[in-house]
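So the sequences go chain by chain: A and B. According to my numbering, the first sequence is numbered sequentially starting from 559. According to my numbering, the second sequence is numbered sequentially starting from 42.
These are computed hints drawn from the structure, not numbers from a lab. Owing to the predicted nature of the structure, the values given are computational and were not obtained by experimental measurement. Where a beta carbon is used, it is the ideal one built from N, C-alpha and C, also for glycine. A few of these clues could be false.
Unchecked claim - Not close to chain B: a few residues of chain A, all C-beta gaps over 10 Å, as computed:
#1 D630
#2 P669
#3 A718
#4 L900
#5 L907
#6 L927
#7 A973
As the list claims (entries may be wrong) - Covered stretches of chain B, going by a simulated chain A footprint (3 or more residues, C-beta under 8 Å):
#8 122-132
#9 136-148
#10 151-161
#11 175-183
#12 216-229
Said to hold, decoys possible - Label pairs and their computed distance ranges (CB to CB):
#13 B:S66 <-> A:H569: 49 to 55 Å
#14 A:L876 <-> B:R63: 53 to 59 Å
#15 A:I872 <-> B:T97: 45 to 51 Å
#16 B:Q182 <-> A:R989: 43 to 49 Å
#17 B:D168 <-> A:L580: 39 to 45 Å
#18 B:R152 <-> A:L876: 39 to 45 Å
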Amino acid sequence: MYAYDLRLAWHSIRRNPGLSALMVLAIALGIAVCTVTFTVYHAMATNPIPHRSAQLFAVTLDTWDPQEPYDDDNPEHPPTLLTHRDATFLHESKAAPRSLVMYKTGALLLPERAGVKPFETVVRATTHAFFSMFDVPFKYGQGWGDGADLAQEPVVVLSAETNDKVFGGENSVGRTIKLDQTDYRVVGVLEPWAPSPKFHDLNNGMFEDPEDVYLPFSRARALEMPVYGNTNCWKSETQNSYQDFLNSECVWLQMWAELPSAAARDKYQAFLDNYAREQKKAGRMPRPLNNRLYDVAQWLDRNEVVQKDNRVLIGIALLFLGVCLVNVVGLLLAKFLNAATLTGLRRALGASRRDIVRQHMTEVLVLGLAGGLLGLVLAVGGLAGIRSIYNSDWNRDAYQRLTEIDPVVVLVTLALSLIAGAVAGLYPSWRIGRTAPAVYLKTQ
Amino acid sequence: MLQMQNVTKAYRTDLLETHALREFSLEVEKGEFVAVMGPSGSGKTTFLNVAGLLETFDSGSYTLDGQDVSKLDDDARSHVRNHKIGFIFQSFNLIPDLNVFDNVDVPLRYRRMSASERRERITSALDLVGLGSRTRHLPSQLSGGQQQRVAIARALAGDPALLLADEPTGNLDSLMARQVMDLMEQINGMGTTIVMVTHDPELARRAHRNVQVIDGQITDFKPYEPHTATVTPLHSPVATATYG
């Protein structure tokens, strides 16, 4: 019977090609706007490391100004970054099974390969657990060990792109690169890795590419490599040396801890609070106790990766789809009532109301699906348009990532178009199904 | 086959109440061919709609083929229409973008028959009306008489107990009208009960019995007297029948 309904739908669509095309276009426009909005929203709202999301925690301490909160709009939020003295103490305490400290820096890379000019690289200075905690995939070699952190060893891990650029994609483990006049031994090369959003560093471009080079935090600190990310200070302190900076109340380091269970989390929270109480006794941390651990999902939320504007946009897109559907309802009513004589005839020949509703719903779903497919094409064009507008060097990759349609969005779009079709078709189909057959047969 | 007892039907608006059928009673025996006559607005079409379960009625009773159909819900009425009643309309009422085969197929589709059984019934019905070779033609490619024969094939394909015809020759010229009437007589001769609404006294004379409807009531009623009929073979394009 469904195949028969599909045939009837095809006949009906051919009978009124203009009206049918208008409905498909109305649905397509609504779907296209929703798809573009959903695509961007989905890219922003996706948890990039879902399998470990509940075990990885961003560590925060409220070390800020007693007179005013770190974030005026959200006074309950402690700073997202830590001071050097807090981060290093917490990390070196080994209170968490695994933890890491890191910051973003940069250096000039001087390639040995002929024809490759020196270029500026973005560097992540971190501790060895970075790679295992964040499941970073390696193509060659591996990350450095605890010993390299302690010994401030000149070792690096290269991103796949950097390795391609410097070594032509060869296995470069054991080879040397020069960063700012210092030689580093390559210990690992990553597979292409670009978590989106870049959860581990939301302070410096949530959707930007990860770093080109990774090296031990201890080494970067020893070389006094500059901070490329945020450095926020609230206290007036004299800083005449790098050591003064390290001892200051300025926050600039990110810290993550791996806490595999709720008990481990509670224990670590207690440890943080005890540490803060000790610091208060020493005259630091004047604000009320407010130390927080955020898992990845909470961290994305805390940093408003999906901004309120995006949620409003989703609402507007759905509203637009609603307006399109209201128009489709009107067109469907006109179309169905125009063909009511044929419906009356089918009823006279034995079609039940259910048969009639199903036949018309099938037609609406076909229109909805056609609208969905056309909407998808329009959405792809719309997203390409966004990419072409925001096509500068610094944000090209970020927008590429945000505007890529993935299978989930395609499935959601097609499901949405079917739902939209069903919603739009329900009343007209029900209405035509209720029509007494004799009324329309008399009009013959 | 058809028993209506004291059936009343009124159409109501806020200002007006029009009685289309008043205490309407009629019995039609199995195998009978009845012509219902009467002036415009007398209630003939309302009777046909009620008889065909296309409309409900206000009071009275209606038994069709031994089944009380007075108080059936919409689904059950559709089922009875589909299984027991065939319709022939004045304006043929074929679906213009379906070919002959698919038009005859329509009522069978709602019976959820297998494809092979439907094909067999459609072929047989179209052969009966002499259009077995026109299955792929669209209605617009056929003459009026041929279109009405397709409509008759559609009505017959489901093997109905009762055939209801509303001015079946009203849109045809006299030659085609005669051919259609010949066909209907042939079908009746095969045992199908026919109730036909017509204005045409000449056509009405070919029925077993005529009833007159005026102001929603039967005013002239003769009991059924069985006729003997000689029927030509079913595959004949236009059959002839002689009533004694």
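We went through each hint and held it up to the structure:
no., hint, result
1, D630, "holds, 66 Å"
2, P669, "holds, 71 Å"
3, A718, "holds, 59 Å"
4, L900, "violated, 6 Å"
5, L907, "violated, 4 Å"
6, L927, "holds, 22 Å"
7, A973, "holds, 30 Å"
8, 122-132, "holds (count 7)"
9, 136-148, "holds (count 5)"
10, 151-161, "holds (count 3)"
11, 175-183, "violated (count 0)"
12, 216-229, "violated (count 0)"
13, B:S66 <-> A:H569: 49 to 55 Å, "violated, 43 Å"
14, A:L876 <-> B:R63: 53 to 59 Å, "holds, 57 Å"
15, A:I872 <-> B:T97: 45 to 51 Å, "holds, 49 Å"
16, B:Q182 <-> A:R989: 43 to 49 Å, "violated, 34 Å"
17, B:D168 <-> A:L580: 39 to 45 Å, "holds, 44 Å"
18, B:R152 <-> A:L876: 39 to 45 Å, "holds, 43 Å"
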